[in-house]
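S.K.: These protein sequences, in sequence, are chains A and B. Under our numbering, the first residue of the first sequence is numbered 1, with each subsequent residue one higher. Under our numbering, the first residue of the second sequence is numbered 1, with each subsequent residue one higher.
Bear in mind the hints are in silico, worked out from the structure with no lab data behind them. Yeah, the Cβ is synthetic: ideal placement off N, Cα and C, and Gly gets one too. Careful, some of the hints might be misleading.
Said to hold, decoys possible - Partial list, computed: chain B residues near chain A (C-beta under 10 Å):
| hint | residue |
| --- | --- |
| 1 | Leu30 |
| 2 | Pro105 |
| 3 | Met118 |
For reference, the chains in residue letters:
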Amino acid sequence: MVQGRSGSSVRNENIYQTIMSNAEVFIASDNICSPLGSTTAENFSALAKGISGIRLHDDPVLSAQPFYAALFGKEALFMKAGTPGTNERISGVKGTIPRTYTKFEQLLIASISTALQDSGIGAGDKKTVLILSSTKGNISLLETAASDEQAHPGELQTTPAGSRPGVASEPVMQDRIALHTSASLIAEYFGFRNPPIVASNACISGIMAILTGFRLIRSGQYENAVIAGADVISNFVLSGFQSFQAISSRPCRPFDKSRDGITLGEGAATVVLSSNSKFAGGIKIMGGSTSNDANHLSAPSRTGEELSYSIKTALGQAGLSATDIDFISAHGTATLYNDEMEAKAITLANLQSVPVNSLKGYYGHTLGAAGLIESIIAAHSLKANRVLPTIGFEQLGVSQPLNICSTLLSTPLKNCLKTASGFGGCNAALVLSKP
Amino acid sequence: MNRITASCRISDHSVYRNGQLLFENKKTDLPGFLLSGYHHFKLNYPKFYKMDNLSKLGWLAAEVLLKEDFRPGTYQPQEVGLSLANANSSLDTDLKYYETVKEIPSPALFVYTLPNIMIGEICIRHNFKGESAFYISPRFDAGFMENTVNYLLDNDILKACIGGWVDLLGDEYKAVLYLVEKDEASAAQGSEEQGDAGGLPFTTTTINQLFQGENG
Numbered sequence: 001m002v003q004g005r006s007g008s009s010v011r012n013e014n015i016y017q018t019i020m021s022n023a024e025v026f027i028a029s030d031n032i033c034s035p036l037g038s039t040t041a042e043n044f045s046a047l048a049k050g051i052s053g054i055r056l057h058d059d060p061v062l063s064a065q066p067f068y069a070a071l072f073g074k075e076a077l078f079m080k081a082g083t084p085g086t087n088e089r090i091s092g093v094k095g096t097i098p099r100t101y102t103k104f105e106q107l108l109i110a111s112i113s114t115a116l117q118d119s120g121i122g123a124g125d126k127k128t129v130l131i132l133s134s135t136k137g138n139i140s141l142l143e144t145a146a147s148d149e150q151a152h153p154g155e156l157q158t159t160p161a162g163s164r165p166g167v168a169s170e171p172v173m174q175d176r177i178a179l180h181t182s183a184s185l186i187a188e189y190f191g192f193r194n195p196p197i198v199a200s201n202a203c204i205s206g207i208m209a210i211l212t213g214f215r216l217i218r219s220g221q222y223e224n225a226v227i228a229g230a231d232v233i234s235n236f237v238l239s240g241f242q243s244f245q246a247i248s249s250r251p252c253r254p255f256d257k258s259r260d261g262i263t264l265g266e267g268a269a270t271v272v273l274s275s276n277s278k279f280a281g282g283i284k285i286m287g288g289s290t291s292n293d294a295n296h297l298s299a300p301s302r303t304g305e306e307l308s309y310s311i312k313t314a315l316g317q318a319g320l321s322a323t324d325i326d327f328i329s330a331h332g333t334a335t336l337y338n339d340e341m342e343a344k345a346i347t348l349a350n351l352q353s354v355p356v357n358s359l360k361g362y363y364g365h366t367l368g369a370a371g372l373i374e375s376i377i378a379a380h381s382l383k384a385n386r387v388l389p390t391i392g393f394e395q396l397g398v399s400q401p402l403n404i405c406s407t408l409l410s411t412p413l414k415n416c417l418k419t420a421s422g423f424g425g426c427n428a429a430l431v432l433s434k435p
Numbered sequence: 001m002n003r004i005t006a007s008c009r010i011s012d013h014s015v016y017r018n019g020q021l022l023f024e025n026k027k028t029d030l031p032g033f034l035l036s037g038y039h040h041f042k043l044n045y046p047k048f049y050k051m052d053n054l055s056k057l058g059w060l061a062a063e064v065l066l067k068e069d070f071r072p073g074t075y076q077p078q079e080v081g082l083s084l085a086n087a088n089s090s091l092d093t094d095l096k097y098y099e100t101v102k103e104i105p106s107p108a109l110f111v112y113t114l115p116n117i118m119i120g121e122i123c124i125r126h127n128f129k130g131e132s133a134f135y136i137s138p139r140f141d142a143g144f145m146e147n148t149v150n151y152l153l154d155n156d157i158l159k160a161c162i163g164g165w166v167d168l169l170g171d172e173y174k175a176v177l178y179l180v181e182k183d184e185a186s187a188a189q190g191s192e193e194q195g196d197a198g199g200l201p202f203t204t205t206t207i208n209q210l211f212q213g214e215n216g
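Kindly produce the complete structure, drawing on both the sequences and the hints.
M.R.: Here's what the structure looks like:
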């Protein structure tokens, strides 16, 4: 490998590439930080008890009308006050910004801290890379900026949240919103030595981040990947889905006959992947794939053919066939079209009799965190030999006779398929297995 | 080694293909420049008009990139994909969308508040259905971008992949796309030099040079 002469590539120059290991990739540790708990164990236990994080909220800052969502309490703290370094200022490309971490960043830091600690892997290890996944990251800073400008026109104020004041058009604000700024701050907080990677690919971001880490380890580029995703619910995101009339008037009902849209949620999750043989007893990432519908930006494929292609490719990479899959953790957003498309794709992949669940009734749609949260729950389902029920589902409402899991199912499990789809026509599939 | 069989760079109100200046129009603003490019290359795609500026830029770069050598039908839809990155995600449209929230939130703008929508537009135009990914980085990370595309081609997940950088915020923008194809012929000969197949070797050095505009 030759260092680019422009010097724009600062990444470690593929020193592990020559290994071409095709290494096995294991989940070394994981964490979910959601309204249902701040550890994976707390989350899994809440789900097994049928507890949902979805509540009716009446918050004029987020929406003029009351809405259902799974949100953190306003008083929720993710990092201890006075954490070293939180009050300094840092120099960016386009100016100086307060180091204070936003809610989005605090959530990621909290989740990564727990997962890193559990794995025993060092952030400063040259063989470790940080990968983040989010759709909208710090976009709510636009809202803070707008309300600041209203309250103090022309003045630069420090908001209580500590976010950068001023109008949204300021370069320093634009730089602060950028996902790579959050990634740099978080990498710096933990002392990651390699430049962080950010995947932002709508609702498949979480799975894409896992797949990116999986492939970097497979190709011998790194030994460990710390993969974390988060999104927080803002007026920006909520108003957008409302403008699409995509928000359900009740808690969402995946695959149900009466489903009428999504419920949003917020949360963060982290998986630490490693090829180190000391993790060989853990859940293994077997393979994965993405595809594009090439059909419509905001409506899924009419046939499900493209998601089914992703599923078949993922199975092929895993060296498994449809009959090996013991359960499917679907995207199951509870929009009419997503669930119908997924049902067709699952049927095209010959998986129609396999138990399927959707976790959106517990968490809502957590956007850039969804693929991570749901993959982690899937991994723990494999370990516990339990398929969780689909909250909100009562009567099958898709054209294909899917086997929707509606009560807690205890059965021996070995292989699981995780799917997701999103705006831009993107689809993703991931296969996880128990050794 | 995989090969770059075409490249396109759009910056400073100029359009280059394989290093050759094909069009420039410095007497207008960015939307005016993108529209004049659309007309100059005699493109006929009504969906262009409803795209946001980021998608227009990426879509136009892909049109120029694929305009000659890439024959439809060479590959199956699932054999072609994209791996793109930028620094500012969809912030240019995020700002415009959030302006509408004060009155009536615009679903037509909201759909463009994701950077991978540009990938969706290119896939719809060319019926590409393979792997695609969008990454955010402060600068063009040639090493990472090379690694992701090589993984897809070397593991036979794709046969051709469009890679590159499409960034736009306000008046500042830059698009650099390259088409990477598996070079079966030179692989068979064991040659890594620029052979009869044409194009450039797909390396971090080459794509950094393309990004800087040093060799087209």
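S.K.: Evaluate each hint against the coordinates.
M.R.: Right, here's what the structure says about each hint:
Taking 10 Å as the C-beta contact cut-off toward chain A, the hint placing Leu30/B at the interface is violated, the least distance being around 16 Å. Hint status for Pro105/B relative to chain A: holds, with the closest Cβ pair at about 4 Å, below 10 Å. Annotation: interface hint on Met118/B holds; nearest CB of chain A at approximately 8 Å, less than 10 Å.
Violation of the numbered hints given earlier is confined to hint 1; every other hint is satisfied by the structure.
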